[in-house]
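First to last, the protein sequences are chains W and V.
Quick note, the first sequence lines up with residues 15 to 185 if you use our numbering.
Quick note, the second sequence lines up with residues 419 to 844 if you use our numbering.
Hints listed in this document are in silico derivations from the structure and should not be mistaken for laboratory results.
Even glycine gets a Cβ: it sits at the ideal position worked out from N, Cα and C.
Incorrect hints may have been included.
Below, in silico cross-link-like pairs of lysine-lysine (DSSO-like), each with a Cα-Cα straight-line distance of 30 Å or less [what the hints assert, rightly or not]:
1) V:823 to V:587
2) V:570 to W:160
3) V:825 to W:160
4) W:160 to V:587
5) V:634 to W:160
Just so you have them, the derived chain W footprint on chain V, three or more residues with Cβ under 8 Å [as the list claims (entries may be wrong)]:
6) 478–492
7) 522–533
8) 546–555
9) 631–642
10) 724–734
11) 740–748
A few chain W residues facing chain V, derived, Cβ under 8 Å [what the hints assert, rightly or not]:
12) 150
13) 153
14) 160
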Amino acid sequence: MKKYLLPALLSAMLVACGSTGTSTDSAAGVSDAGVGVATVTAPGMSGSGIAALTDPNNILSRRSVYFDFDSFTVRSEFTSLVDAHARFLAQNPDMRMLIQGNTDERGSREYNLALGQKRAEAVKQALLLLGASESQIESVSLGEEKPRCEEATETCFAENRRADMLYSGEF
Amino acid sequence: MTMLNKLKTLLFAGIALLSMAAHAQLAIEITGAGASRFPVAIPIFENEGALPRAVTDVVRADLERSGLFNLVDLGLVALPESVLPDLANIRSRGADAVLTGSVVAQSDGRFDVRFRLFDTQRQTELGALAIRMAPAQYRNTGHRIADFVYEKLTGQAGYFSTRIAYVVKSGGRYELQVADADGMNPQTALVSREPIISPSWAPDGQRLAYVSFEAKKPVVYVHNLPTGQRNVLANFRGSNSAPTWSPDGQRLAVVLTKDGNSQLYVLNSDGSGARRVTSSAGIDTEPFWSPDGEWIYFSSDRSGGAQIYRVSVNGGTAQRVTFQGNYNVSPRLSSDGKSMAYITRNEGRFQVAIMDLATRQTTVLTNSNRDESPSFAPSGRMILYATESGGRGVLSAVSSDGRIKQKLSIQASDVREPAWGPQPRF
């Protein structure tokens, strides 16, 4: 059931990011007439520019792979998702991907960073098996540091045991 | 009202005032104390009023907070170090030791603080010292006097002049801060919108290595505290984390994933010469250098659950160190190399434990649920760690025998990732 919520969550996140950036920039724009203000866009604001990656009706807009507790195995329900991204990468050899592994908040921060790395690496290996190339993908970990859900409940823990796939322009 | 209670009231009133003035101040609460406290008298020093604040207030607060001393009130009478006090009389009033002293103005605007410590039972002098200081240095001077008293009376080096580093999270803002060991004088070394974890003190007490996520992935930096200059130590493909310094400060151990899973590497303090130390199929992380420079202790899932191992700095076969339970992580050794503090999981609760490395005997020191990141004071008696209280992160300290407990907290902020700094050099 969780997976049907993802496109909505993702687009909500993108909208939130966009509005934050705009309000900050316009606040800085209050100045004397004639004094130019150059807008600097931080990395991650531009997006990939490819509609398929954000179209909620396209499987490529789904970016998260979820894991069981203490597990690093890509569950079979995510095979079609990983396969779609692997084919997209193979067809677009200039496209780069950053995979960020995440964990729930229980336990040591550094140990969780290593667990998140295992999750990111598992997704990377699956993508490589399905046709993506090594040079396109970097797998990293955010450990327990960037939880999507911040309550100490099993639902939240499950939401945070996850690897996210980001394309060029999104990180 | 006894003097002790007066002191306590003054102490807490002082902390409350300071908390309001600077909301980021760490407030310290003693939540446990030694079974028998040593009775000591610290009367005011002669001419102490010439300083911005009384230096003996700092000494009393330090000794009180250690949980090892009971402060005996001799009244508001200054006992200068130049006069032999009536030790029998002081003993009859309940103090087994007394500190006498005076503050003497110098022609250059500085002050000499001279003091002498006596054993009232044996009627002998335990030592004397003079410290020259600028008026604004009264806190540092007080910490050094407290270190002197602590060392003479307990036989162990004091830790009141040390500093601690920790991370404060407030909304979406992360601050790496450095404060005195009593939580006073907090200073911010780094502000970021992305997480900061794993601060590690260089042995010189001037530099911190840490992991910052400002590049959307973990990267290790070395940060010079006095100058604010920061250099990237490790930014390889994949994740870079868990820095720890060699005892001579020349090298660091880090965790890199450039060759697959998280593995241990050693590199020079300028980031050059990365050399792989472990080669396992799973996770090797949280390195900590033994004080003799020979071993790196670390956590690994090579046998299934998380356990602590050690490996020679030159590589080779790792030796397993922990065997009880199925989750033992975050090894940190005392400066004498005899004890290892770590985090163990008991029925879903994460707690600070200590192992005697010679006998392998282990003791769980806390009764909390969410302990993380233990680190020893340089003298080895106290262990600083992060835990949770009232739904937010706080710092706590526990003595290595588990008897003395302190809680350090900042109102309305999450405090985490503490690291106790080295003994300063004067």
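Here is how each hint holds up against the structure:
1. Taking the CA atoms of residue 823 of chain V and residue 587 of chain V, the gap is near 24 Å; set against the 30 Å cutoff, the hint holds.
2. Under the criterion of a C-alpha separation no larger than 30 Å, the hint pairing residue 570 of chain V with residue 160 of chain W is inconsistent with the structure, at around 48 Å.
3. Between the alpha carbons of residue 825 of chain V and residue 160 of chain W the distance comes to roughly 26 Å, so the proposed pair stays at or under 30 Å and holds.
4. Between residue 160 of chain W and residue 587 of chain V the CA atoms are separated by roughly 12 Å; this keeps the pair inside 30 Å, and the hint holds.
5. Annotation: proposed proximity of residue 634 of chain V to residue 160 of chain W holds, straight-line Cα distance about 10 Å (limit 30 Å).
6. Given a C-beta distance limit of less than 8 Å, the hint that chain W covers the segment 478–492 of chain V is violated, as 0 residues qualify and 3 are needed.
7. With a threshold of 8 Å between beta carbons, the proposed coverage of the segment 522–533 of chain V by chain W is violated, since 0 of its residues qualify and at least three are required.
8. With 0 residues bearing a CB less than 8 Å from a CB of chain W, the segment 546–555 of chain V misses the requirement of three and the coverage assertion fails.
9. Residues of the segment 631–642 of chain V with a Cβ under 8 Å from some Cβ of chain W number 4, which satisfies the need for three, so the listed coverage holds.
10. Remark: the segment 724–734 of chain V is not confirmed as covered by chain W, as 1 of its residues place a Cβ nearer than 8 Å to a Cβ of that chain, below the required three.
11. Three residues within the 8 Å Cβ limit are the bar, and the segment 740–748 of chain V against chain W gives 3, so the coverage statement holds.
12. At its closest, the beta carbon of residue 150 of chain W sits 12 Å from a beta carbon of chain V; the interface hint therefore is violated under the 8 Å criterion.
13. Because the beta carbon of residue 153 of chain W sits about 6 Å from the nearest beta carbon in chain V, less than 8 Å, this interface hint is met.
14. The interface hint given for residue 160 of chain W is met, as the beta carbon of that residue sits about 7 Å from the closest beta carbon of chain V, less than 8 Å.
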